[in-house]
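Undergrad: When you get a sec, could you build the whole thing from the sequences and use the hints?
Line by line, the protein sequences are chains A and B. The opening residue of the first sequence carries number 1 in our numbering; numbering runs sequentially from there. The opening residue of the second sequence carries number 1001 in our numbering; numbering runs sequentially from there.
The hints are simulated quantities; they were obtained by calculation from the structure and are not laboratory data. Note that the structure is a prediction, hence the values are computed from the model and not measured. Only true hints are included.
Here are the computed distance ranges between Cβ atoms for each label pair:
| id | chain 1 | residue 1 | chain 2 | residue 2 | range |
| --- | --- | --- | --- | --- | --- |
| 1 | A | P382 | B | F1109 | 55 to 63 Å |
| 2 | A | N296 | B | Y1103 | 49 to 57 Å |
| 3 | A | P6 | B | Y1205 | 31 to 39 Å |
Which chain B residues face chain A? A few, computed with CB under 10 Å, are given here:
| id | residue |
| --- | --- |
| 4 | D1055 |
| 5 | F1124 |
| 6 | Q1127 |
| 7 | P1313 |
The beta carbon of each residue, even a glycine, is placed where N, CA and C say it ideally should be.
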Amino acid sequence: MSDQGPLSFHVPAPAVRPGGTPDFSDVKISRAGLVRRPEVDVAPEDIRDLAYSIIRVLNREGEAVGPWANLLSNEELLEGLRHMMTLRAFDARMQMAQRQGKTSFYMQHMGEEAVSCAFRKALEPGDMNFPTYRQAGLLIASGYPMLDMMCQIYSNELDPLKGRQLPVMYSSREHGFFSISGNLATQFVQAVGWAMASAMKRDTKVAAGWIGDGSTAESDFHAALVFASTYKAPVVLNIVNNQWAISTFQGIARGGSGTFAARGLGFGMPALRVDGNDYLAVHAVGRWAVERARRNLGPTLIEYVTYRVGAHSTSDDPAAYRPKAESDAWPLGDPVLRLKHYLIRQGAWSEDRHKQAEAEILASVIAVQKEAESHGTLHSGPHPSARDMFEGVYEETPSHLRRQRQQAGI
Amino acid sequence: MPRKTMVEAIRDAMDVSMQRDDNVVVFGEDVGYFGGVFRCTQGLQQKFGTSRCFDTPINELGIVGVAVGMAAYGLRPCVEIQFADYMYPAYDQIVSEAARLRYRSNGQFTAPLVVRMPTGGGIFGGQTHSQSPEALFTHVAGLKTVVPSNPYDAKGLLIAAIEDNDPVIFLEPKRLYNGPFDGHHDRPVTPWAKHAQGEVPDGHYTVPLGKAAVRRAGTAVTVLAYGTMVFVAEAAVADIGIDAEIIDLRTLLPYDLETIAASVEKTGRCVVVHEATLTSGFGAELSALVQEHCFYSLEAPVVRVTGWDTPYPHAQEWDYFPGPARVGRALKAVMEA
Ligand SMILES: Cc1ncc(C[n+]2csc(CCOP(=O)(O)OP(=O)(O)O)c2C)c(N)n1
Ligand SMILES: [Mg+2]
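TA: What follows is the structure, encoded as structure tokens:
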């Protein structure tokens, strides 16, 4: 007989719930510029500490500091700012379009714009992303036509995916954007396979996998890590830790692991944590990992520390599970404002120009939206045909399906 | 009698079961504090504490895998998979483990657990929020598969499933959560509060597993349906004015052959309706059963009306969905054969 007394069951819970005062005091933020920048061929075991710190470039004063700074020109940063502002305006319009019944569903990026926009600029043409539904910045920063995005969201006659897919589940091979599944985590391991293929064929392309904090709990995540580390696949494995997975806080998925990045350590993989709301830091770390992959040095795991400011999707209301003002208390600020602040300090931007750019961007998004809507929205106007539903299941439609199509009168 | 939506009835079933038996535990993604994305477990954590109702990491394999372990220990887990479309990672635990535990251990270990999952389309959910994978479960020896069509049955069947000593797959037609949807998607849905089957007694009662219900008695043709399709069949029958007998299977496995055969022997005609894809769907099993057991009573070949053999599309949802018009055409064809 044990004299320990009975066991008890542990269920993690967030520090604060609705009605409480938001509190992020347990989020340890490294000072900007403090975390070192190792050589890309560093031995993973020599940088285990980078899985626990946060690489940051932009400080509170709006300066770029430390060893990860100064990779991008002001022109490039102005372009990055424009991408993030475009994504935000696009989100606002599409969110509203959903509310107006023009589509069934939408998912926005508010607060996370830097992650996908800045990472995209670290890749080369031919590289492939395996994104989740919250990386539309990869498309915007790669010059994918916004009209195509909107037509996909509206499932209209110009929808490149023929009305088959849920809104925001884009696909563009040409723009290095793998078709989004909707089943979480499945694509993280596919990114590893794509990268393995590139190595097998002695190609020069690399892949990037994407996953949310909550989805790292899926077995697919662990499968991706074991294959990536076993075959030293040329892949960058990106975890976007926006603190929430619908209603569950990140502690449910993270469990006893100190950080999500630390999950990579057991696989002997370089694992870095980065300020996800810092365009310069995201880009610098992304570039480091892409270079590592390209130089055949193997995979890197990156955790972007950010915050999901909006609802999970248009089907969700976060007021039911987290304090309303929690996003205001988030210590890493707003990625758009931080980059804007930096560029103003550099003398490359101003409040006036920012306001003007905001208005211009909104006007151009609205113009594209008008054009998209002239080709139909989900419930009105021209739309993909029922025939499109039967096609593309196989390369050639087999006889049983042709028979069904005839039965449907098509 | 109090009226409840299907969501409330399902919640009530778990509430009643948790009160009666400390071994009943409820968990899944967003199930604890928030109460589930469809709110089926709302309030259960508050009432029973985090040891009885809790949030899990997003890992369906894990959810069912730990449920098997808990059930083997002696608990009665009733777990939620957020959408049936997300059960595939758990399929190995369901098929190779839960379903066979009793058999392979000769009864030393059993898996009395329930896996609840919203199923079916009609909400513009696209291919990952619309699937009807029931045939993937009915094909597996050792599982029971239940599909309720109304709040009364949902509560009684879920309590019976939780009390059952074998693993039960409990598929909840999400299009029915708030009202009896009949497939006329352009018409407003009557809420359950205005429907007789929305009457749900308080407290404990069961609807036995393995027993079908005759929703409409008739002599001209038998319609075999379950879940959402029960109401679609009712609408089709009303639209074309035919004296059909509509059978709501309620439990797909074990199926109620007695009720099915008695009806087809009477009518001599049979139409099988489901939302899932046609080929190797549960309708194939029903059709074979009718042929095997009622061949000499049949006046016409059995006809199936189902979703097409494509992934569930987003924009073309109502071209895909086997609505009342298609069911009506099949009924007429069977009558004229
Ligand atoms: C296999 C699977 N299980 C469950 C879901 C339902 N679901 C969609 S998004 C989501 C939360 C994901 O959270 P996270 O990975 O943190 O990504 P975020 O939404 O925060 O970007 C869940 C549970 C799903 N899509 N796929
Ligand atoms: Mg998240």
